[in-house]
Every structure is written in C-alpha cells, then in structure tokens.
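If you're matching them up, the sequences are chains A and B in order. Start counting the first sequence at 1; every next residue gets the next number (this note's numbering). Start counting the second sequence at 1001; every next residue gets the next number (this note's numbering).
These aren't lab readings, by the way, just hints derived from the structure by calculation. Among these hints, one or two may not hold up.
Said to hold, decoys possible - With the C-beta cut set under 7 Å, the calculated list includes, among others, these residues of chain A facing chain B: (1) M1; (2) T2; (3) G3; (4) E5; (5) L6; (6) Y9; (7) A14; (8) S24; (9) E27.
All values reported here derive from a predicted model rather than from experimental measurement. Just so it is clear, CB atoms sit at the ideal spot from N, CA and C, and this is done for glycine as well.
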Amino acid sequence: MTGRELAIYAAADAFELFTGLVPSVSEMGIAFDGVMAKRYAASNAGPADLRHLGADQLPLNEL
Amino acid sequence: MHERAAQALDFRCHYQLVEIAGAGREELRILLEGVRRLGFAGINVTFPYKEAVVGLLDELSADAALIGAVNTIVVRDNRLIGHNTDATGFARTIAPLVSASAQGAVALIGAGGVGKAIAFALAGLDVNELRIFDHEQPKATDLAARLESRLKTSVALDVEDALRGVVGVVNATPVGMLPVLAHRFQTRCCIADCGLRTPSIPRSGRRS
Chain A
1 MTGRELAIYA AADAFELFTG LVPSVSEMGI AFDGVMAKRY AASNAGPADL
51 RHLGADQLPL NEL
Chain B
1001 MHERAAQALD FRCHYQLVEI AGAGREELRI LLEGVRRLGF AGINVTFPYK
1051 EAVVGLLDEL SADAALIGAV NTIVVRDNRL IGHNTDATGF ARTIAPLVSA
1101 SAQGAVALIG AGGVGKAIAF ALAGLDVNEL RIFDHEQPKA TDLAARLESR
1151 LKTSVALDVE DALRGVVGVV NATPVGMLPV LAHRFQTRCC IADCGLRTPS
1201 IPRSGRRS
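Excised from the complex, chain A in its bound form (with noise of 0.2 Å):
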C-alpha cells in the first residue's frame, strides 16, 4: 500500500469525527487522485508556470 489509501481513510475517519456521517471513500479517493495529478503537474511545470497561480489555487491547498 502507498500513502494514497492511509491519507484517505484518515481523512474519511476525520470527516467522520467532524459530521457523525460515513463519507463515501471513493468518491473521496477521486477528490484525492484529481489533487494529486494536479499537484505533480504543477510540480512539473516549474517555478515560472506557477506565477499566474494564487495562494488559494495551489493544488496542495485542496488536500
């Protein structure tokens, strides 16, 4: 196993604590696959493809 599924249900566990409802942990693994392709797209654009980007578009930020 690879970080993915322990970040996910960690996660799912957390949203748990916080709403008293079982979320669906697939459809949070899509929300975690889509940050993670765009995290390393970003990461491989480099530096000056970043700069049109706000603080609040990172994709680490979605995680």
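Start from chain A and add chain B according to the hints.
Quick look at chain B alone, frame taken from chain A:
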C-alpha cells in the same frame, strides 16, 4: 476530499488550509482558540505539529492519549477533543494484509507522529514483533519503550538492520523509499509506504 464527500451526502462543507510555518506553543494555542470560537467543526493537524498540540487540548481520545499525537481535533460543546485517525486509517488499510501475511517481525522506519500512530495500530492488529528505526534514535527508543507491554519491540541501528528478515515494512517518513530499497526486501514481504511521492507498486515482481 472532505468537500467532495460532503457534496455526495448533499450538504456543503468548506475545508480550508491554514498554513503556519514554524509556530510555537503560543501561536498554536491562539490558532486553536480561533477554531473553538469561530464555529469550525474541527481541524486536521499535520507535520510537524501532531505532538505539539497534545498539551493544548481539553480532552484526548483513548488512542490519541496512548499514541501521544493528534491529527484530528473535533470541537464539541466548546471543547477541543483530539483524535488520531492516522492510526485508525492505517489499521483499516493494512488489516487485510497483516492477517494475510506470515507471522514475523515488521520494520517501522520513522518514529515521529505518523510512525507512533502506525506502531500502535500494528500492536492492535496483533503483529508479533516490531523493529523500529529513526535517524533520531531517542525517538525510536522512546516508542519501543511505550510499546513493550503490547508487543515485542527492538530498536534498529540502521535501515539495513531494521529490514533484515522482516515479513513487513512500514515507511512512516515523508521520503518514499520503495525505489531505493526494493531490492533488499525478501520475497512475500508486505510493504506500506506512507509517503505521497512514491510511484505505484508494480503488481508483479518481488513485492506483494
């Protein structure tokens, strides 16, 4: 993840990153006071503050108290309650692999906040023996001592020492290790890498 999960359940949730580099105890206390007063349902805590917030909370779950680290703080009745979902999340993920693996020692690389949570999760899953390595040896020694009533523990001198003959390896450091150390694992060794920068594990080959 939280926002998408909420959307799927038909309610709106806002999850906001609060980044505070190099915060001391007083800054953390002020931040947590804000969480308490501003109507948040809770907050997640990540490296390097998982241990630092423990003494600033009103209450700890039994697991978080045992582990000595918190990654989730829930606000209930104006009280800040610390939990550790690194441990519960890891246990949920790894339980099928642990029960399927042969009995034997498991190596834990990293004895920080996540490492502690994982160590207690492994103890709860009836792992026989845990061999702990941390580049700060006192951390490994402290964790081994805290676990010794629950399972057999030892402190490894280095990574090589930790990996010798184990049936499972958990990397609880932020540095992905699989590409570097894969050749050292024995056949049918169960590997858990908590880093997010690790490439996916091939389905064939020596790793399982």
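A quick look at each hint next to the structure:
At its closest, the beta carbon of M1 of chain A sits 5 Å from a beta carbon of chain B; the interface hint therefore holds under the 7 Å criterion. Contact between T2 of chain A and chain B, as hinted, is supported at the beta carbon level, the nearest pair being about 5 Å apart and thus within 7 Å. Using the Cβ-Cβ criterion of 7 Å, the hint placing G3 of chain A at the interface with chain B is satisfied: the shortest such distance is roughly 4 Å. Residue-level restraint check for E5 of chain A holds (minimum Cβ-Cβ distance to chain B is 4 Å; threshold 7 Å).
Interface hint at L6 of chain A: satisfied, since its Cβ lies 5 Å from the closest Cβ of chain B, which is below the 7 Å cut-off. For Y9 of chain A, the interface hint holds, since its Cβ comes within 7 Å of a Cβ in chain B; the closest pair sits about 4 Å apart. For A14 of chain A, the interface hint holds, since its Cβ comes within 7 Å of a Cβ in chain B; the closest pair sits about 4 Å apart. A least Cβ separation of about 5 Å between S24 of chain A and chain B falls short of the 7 Å threshold, and the interface hint therefore holds.
Nearest Cβ of chain B to the Cβ of E27 of chain A: about 4 Å, under the 7 Å cut. The hint holds.
Of the numbered hints stated above, none is contradicted by the structure.
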